[in-house]
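Could you slot chain B onto chain A? The hints should help.
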Amino acid sequence: MNTIVKSWEHKPTVPAPSAVPSGHTQVHLANQLKRDSWLVKKNAVPEVETIGTLLGQIDQNAAGSHDAAGNTSGETSAKETVSPEPIVKLDELTKKNVGSFYAIQEWEGYVTKISEGTVFADLVDLVPRNETRPSFQAEIPIHEFADDEAETLASGSVFRWSIGYYRYFSGRKDRLSRIRCRKLPILLAADEAAIEEEARGFGNLFHEPKNS
Amino acid sequence: MSDAAKPANAEAEITLIGPGFGESVVIHFGDNCWAIIDCCIDSRTKSPAPLSYLQSIGVDPSESVKFVLATHWHNDHIGGIAKLIETCESATFSFPIGFSEEQFRKFVSTYHQKSTAVDNGVSDICGAFNHILHKSSKCELAIANRPIFAAKSVAGHSTRITALSPSSGDCVNFLKMVASVIPPRGSAVARAPRPDSNLMSAATWLEIGPLSILLGADLEETGNPATGWTAVLGSTTRPQGAASLFKVPHHGSDNGHHSGVWSRMLTGQVLALVTPWNRGRGLPTKSDQARIVQLAPQSFITSARSGLAVRHGQTVARTLREANAKLSRTEQPTGFIRARAPISSGPISWTVHCSPEACPLQNY
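Protein chains in written order, with my numbering: chain A, 1 to 212; chain B, 1 to 364.
Just so you know, these hints were derived from the structure itself, not from any lab. No residue lacks a Cβ here, since even glycine has one placed at the ideal position from N, Cα and C. A hint or two may mislead.
Below, simulated DSBU-like cross-link-like pairs (lysine-lysine); rule was C-alpha separation at most 35 Å, straight line [said to hold, decoys possible]:
{"#": "1", "chain 1": "B", "residue 1": "Lys-6", "chain 2": "A", "residue 2": "Lys-113"}
{"#": "2", "chain 1": "A", "residue 1": "Lys-183", "chain 2": "B", "residue 2": "Lys-46"}
{"#": "3", "chain 1": "B", "residue 1": "Lys-6", "chain 2": "B", "residue 2": "Lys-83"}
{"#": "4", "chain 1": "B", "residue 1": "Lys-326", "chain 2": "A", "residue 2": "Lys-173"}
Which stretches of chain B does chain A cover? Using the computed rule of at least three CB atoms under 8 Å from a CB of chain A, they are [to be verified]:
{"#": "5", "stretch": "138-152"}
{"#": "6", "stretch": "181-188"}
{"#": "7", "stretch": "201-207"}
{"#": "8", "stretch": "311-318"}
{"#": "9", "stretch": "324-336"}
Just chain A, with the same shape it has in the complex:
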């Protein structure tokens, strides 16, 4: 679902961007929007609807730089109006400004042992090369894993290791090594029924089946 960010005519009631609590993604987006002012459609026609407080705050931050009066801080306006047309979709904004990851190399890994800060793993190359799938054994410093994942990492954990470039909308790109632990499937009652059936079928393979 797309979330619509609209411009506001009123004077902002929220702190200036620098005072907004750090780490708030949407606020960062608003700041980004402020910098990339061309994203915001100018001369927007006011009055359509009011949206939630947080988005309103973002909008205020975002629109502040485009206020015809140039008034971006301080006073509160009683009337809050918004544009009838979406100026920019948040999803689009996110996509454009955050960028995309392009993997050059990907492996699926399986942890065999963790010892003295090193993760020992078997890797299978997921990038098709002449339809081969070479396997590797790897020693990876545990700090290459996200902190929360490193805490729960254990023998048997499955992860995907990607190396590639993160390309930002601005054109900048960063080389990136990204390891993400795979959420393992949960064995459900329905799975058990299928397993029982398959296992029972395998019992027919043998001249002397047991316990079947």
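Leaving out everything else, chain B in the frame of chain A:
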């Protein structure tokens, strides 16, 4: 893989292939009839190495392979076995007896239904089972001292393969392990675990006319009279005799060694064949190498110590370097050692041919 011609009708052949990833033994027991024990993947063709080998010497596996045995479920012994079983249309199949047990079948199904890209051979076993079901075939179960294959050979000779293991003690330990790793309902299913020990490995005694051959699989020595090589040596019903060719168990590892095997089951001039294992500290170690060469001066290994090169592009190589991560290829180049001997009542004389990757063990 080989540009040699296939053996003469009255010539036995034992070819040990490895370790593209694992090992396989290809056996000619006369009249263009073949058996295959275990399967591995050829590092070049990425197809089952025994099939590549047979095709390279002009043998049609679909007609000529009469018997296939998977000695145990570790993926260095069953890599590609589903394809092998699908191809060998005229073969009968055998698995260790524990494969028929409900716990193992559930274990295979559980990890197969929730498999990952690195699945520890479970998909190979499942594929093999499904191909056999599709053929409406039945499997012989390998358990200590049971003949699992018999056929007529040339000139009135016969061929017989007898399982020397697993013992009942091996099976109990294996099934305990399997039961302990089947996840309960509601829990996460990780990759199928690979146990450190080679529980329930089927070592075999092969007789082709007057020739006796001991194929050690990955059977280990535990010191327990009910399991491993001690159980084999303690058996009063196992085939008697001394083998002139020995596939050394478990890649020459110390934990597959039992001095009684060398003194009581092998001839003094035995020809010993080994495949290496390219993980962890690697096998055979220098001390394993020295021990085997001392016991069997005529010993060969299927691949030299150097592994396949790891090639990455600049970006990946730089990232790995900066992360201080180390990667090495699991596979080594696939090589083979071929031993041929006439099936006759005269003196036994093996003629050995090594592929370019293989070498005498003392040069390893």
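Against the structure, the hints:
1. B:Lys-6 with A:Lys-113: 45 Å, violated
2. A:Lys-183 with B:Lys-46: 30 Å, holds
3. B:Lys-6 with B:Lys-83: 22 Å, holds
4. B:Lys-326 with A:Lys-173: This hinted pair holds, its Cα atoms lying about 25 Å apart.
5. 138-152: With 4 residues in contact (Cβ-Cβ under 8 Å with chain A), the coverage given for the stretch 138-152 of chain B holds.
6. 181-188: Contact hint for the stretch 181-188 of chain B vs chain A: holds, 6 residues under 8 Å.
7. 201-207: violated (count 0)
8. 311-318: Contact hint for the stretch 311-318 of chain B vs chain A: holds, 5 residues under 8 Å.
9. 324-336: Per the Cβ count (8), the hint holds.
Figure legend: structure checked against the earlier numbered hints; hints not met, in rising order: 1 and 7.
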